[in-house]
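Going down the list, the sequences are from chains V and U.
Take the first sequence: its position 186, counting from 1, is numbered 186 in the working numbering, and each next residue is one higher.
Take the second sequence: its position 229, counting from 1, is numbered 229 in the working numbering, and each next residue is one higher.
Calculated directly from the structure, the hints in this document are not laboratory data.
Each hint can be trusted.
Here are the simulated SDA-like cross-link-like pairs (lysine to any residue), alpha carbons at most 25 angstroms apart as the crow flies:
#1 K153(V) with V195(U)
#2 K104(V) with L201(U)
#3 K151(V) with S191(U)
#4 K104(V) with Y193(U)
#5 K153(V) with S191(U)
#6 K93(U) with E54(V)
#7 K104(V) with N180(U)
#8 K104(V) with R197(U)
Bear in mind that the values here come from a model prediction, so they are computed numbers and not experimental data.
Each chain, letter by letter, is given below.
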Amino acid sequence: MATVDVKNLCKRYDDFVALDGVSIAARSGELVTLLGPSGCGKSTTLRCLAGFLEPDGGEMAVDGQSILATPSNRRGFGVVFQNYALFPHMTVAENIGYGLRLRKCSGSEITTRVHDVMSLVKLTGLEHRMPREISGGQQQRVALARALVLKPKLLLLDEPLANLDARLRDEVRWLIRDLQQQSGITAFYVTHDQSEAMAISDMVAVMKKGRVAQFATPREIYQKPVERYVADFTGEANFLSCRSLEACGEGRMRISVGGAELDVDCVPSLEPGEAAELLLRPESLQLATLGEDVTFRGRIVKSAFLGASQHCEIALADGGVLKLTTAPNAPVRIGDEVGIVVDRSHAWLMPEGTK
Amino acid sequence: MIKARHLRLLLGAPAVVLIFVFMILPITNMVEMSFRVPGTVEPFGDDYTLMHYTRVFGDSFYWGILARSLLTAGSVALLCLIVSYPIAWHLSKASGLKAALLYALIASPLMTGVLVRNFGWMIVTALNGPLNETLIGLGIISQPLRLLFTQGLVIVALVHVFVPFMVLPINNALRNIPDNLVEASVSMGASRYRVFRDIILPLSFPGIQPGLILVYVLAVAAYVTPALLGGQMVTYMPTMIIAELTGTFRWPLGSALAIMLSLSTILVVGLFTMLTWRLMERARA
Ligand SMILES: Nc1ncnc2c1ncn2[C@@H]1O[C@H](COP(=O)(O)OP(=O)(O)OP(=O)(O)O)[C@@H](O)[C@H]1O
Ligand SMILES: [Mg+2]
Chain V
1 MATVDVKNLC KRYDDFVALD GVSIAARSGE LVTLLGPSGC GKSTTLRCLA
51 GFLEPDGGEM AVDGQSILAT PSNRRGFGVV FQNYALFPHM TVAENIGYGL
101 RLRKCSGSEI TTRVHDVMSL VKLTGLEHRM PREISGGQQQ RVALARALVL
151 KPKLLLLDEP LANLDARLRD EVRWLIRDLQ QQSGITAFYV THDQSEAMAI
201 SDMVAVMKKG RVAQFATPRE IYQKPVERYV ADFTGEANFL SCRSLEACGE
251 GRMRISVGGA ELDVDCVPSL EPGEAAELLL RPESLQLATL GEDVTFRGRI
301 VKSAFLGASQ HCEIALADGG VLKLTTAPNA PVRIGDEVGI VVDRSHAWLM
351 PEGTK
Chain U
1 MIKARHLRLL LGAPAVVLIF VFMILPITNM VEMSFRVPGT VEPFGDDYTL
51 MHYTRVFGDS FYWGILARSL LTAGSVALLC LIVSYPIAWH LSKASGLKAA
101 LLYALIASPL MTGVLVRNFG WMIVTALNGP LNETLIGLGI ISQPLRLLFT
151 QGLVIVALVH VFVPFMVLPI NNALRNIPDN LVEASVSMGA SRYRVFRDII
201 LPLSFPGIQP GLILVYVLAV AAYVTPALLG GQMVTYMPTM IIAELTGTFR
251 WPLGSALAIM LSLSTILVVG LFTMLTWRLM ERARA
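Chain V extracted, bound-state conformation (with noise of 0.2 angstroms):
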């Protein structure tokens, strides 16, 4: 129900420069993810967004409207912590009431949103507990039903997931994506998981060093990243030092690599002969049965059988390796000369990263 625009963000915490010049924009409704390794900032970006910390540049507008001005406390924003922050001394009811007492709301009016909002993440029956008494996920939703209870312009969450096992990590996710797509309100969402990022986002921001590294579809970000580091991150990836002869199309290049020579598409500001890394997922790599397009030839030098699938390593002769996933039914040994089909379309040439 709001547009948010981060232009140029920067922060600093003495000397060490926490935020860069970190810009990024969420259209009405959307979740967008800031993706990132530990200490890229953001955390740094959300608390900024909520008023915790104040940005040492750059602007921050919402509908349109600068919030750079607007106490913490103005902005009406819901955040989600990490560790929850639920207040101890109040009851589960209580703690989700507290905003609405504060805006000093009747008390029907607040005995009612509180049972809706209650009803809505399925806490109903612990209206009376005290945070202690409730379990971690639980706790979670609480925090989540504070937020949403509100109605908040922008929903804020750092890392919601993170204190949750694997179950629950799931099941909360998309309790978060629903609630968040029914009530149409725009969330921020710091996560340093790739798949939790992927599976909710309309947009992600992969972060890095204080700069957004990418800003784009979870989609664009898989698979066509601008630089190794955001390939790296996203996901399990192949890279294979190449040459790149000539443009051939719009966004397209010809490239030589490991023997053989393949049309791909690239970044849009490679130039011809520039040094460049060929991107192969997993996915976009087979094992050659007979009769098929073989473009890489090697041996296997490393196999895992998972039960639904195998992984597998090979070798090429050039020196490079290919991990890949294979059905699991035809044995794959270790020794065996293999041939590789790689489905092109999905191949993505990047400039050479520093790693």
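We have chain V already, so just place chain U with the ligands on it with the hints.
Chain U with the ligands alone, transformed into the frame defined by chain V:
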């Protein structure tokens, strides 16, 4: 199994012996003494009687002094809370060298001996002492104020020395409040006042309660400060008890008074603990 438990019991033995020898025995002794008849040559005679209790509990003179003692201690505890809370707040936000300095400053009243400290107060507040002279010099008053030997000065001096006992537990409680509770309530729209009222104050209660009890108990039992700064006109229970014990040698009567004071203190503390039970239960995270 059994061996380990015995060993653990053994660890507690020194404490048990200490408490027995220096607390249980003397108190039992004192209780027994309070039922003895007054002696003629010795402090008390051989026979038992209830006369001291009927006298103590039946005389409004003693009730008056008891009430003064309890009320004074109550005011000391409350004033001490008001003075200490902001100090505890600053201390809880400080770290490193600043925190170390603050701790030292806060503990400083305890680092001077009780006599030195009280003579200090006497000198400062005397009729022609530096405080009066300064006030007159500044033209704020024309006649020197009679500060020494007043109840007010006793209260001020007690607050001064008991501040550390209030600051430390509150500081502890404040340090245990996570910052993001404050952030959470602010993000929901709370003003600074509401954050204090709804979050900080209730969650620091586990420091406030022991602070109040500690200071109250210490203030009720304080002897030197009331004796030196209260003068002859203002009597408190401890000064009166000492007068009975060492002045007139009426040990049974003194014992009965001491027991009256102890019982009423226990009663007040018990009542306070019960009244604040819910607050404590809620804040115990
Ligand atoms: N109060 C502070 N003082 C100094 N440096 C800080 C402070 N808070 C954060 N930093 C530094 O700023 C950088 C970014 O911190 P931030 O908390 O935003 O990281 P993050 O991306 O959220 O990491 P994580 O995934 O571990 O939570 C880190 O390198 C951190 O050490
Ligand atoms: Mg963080």
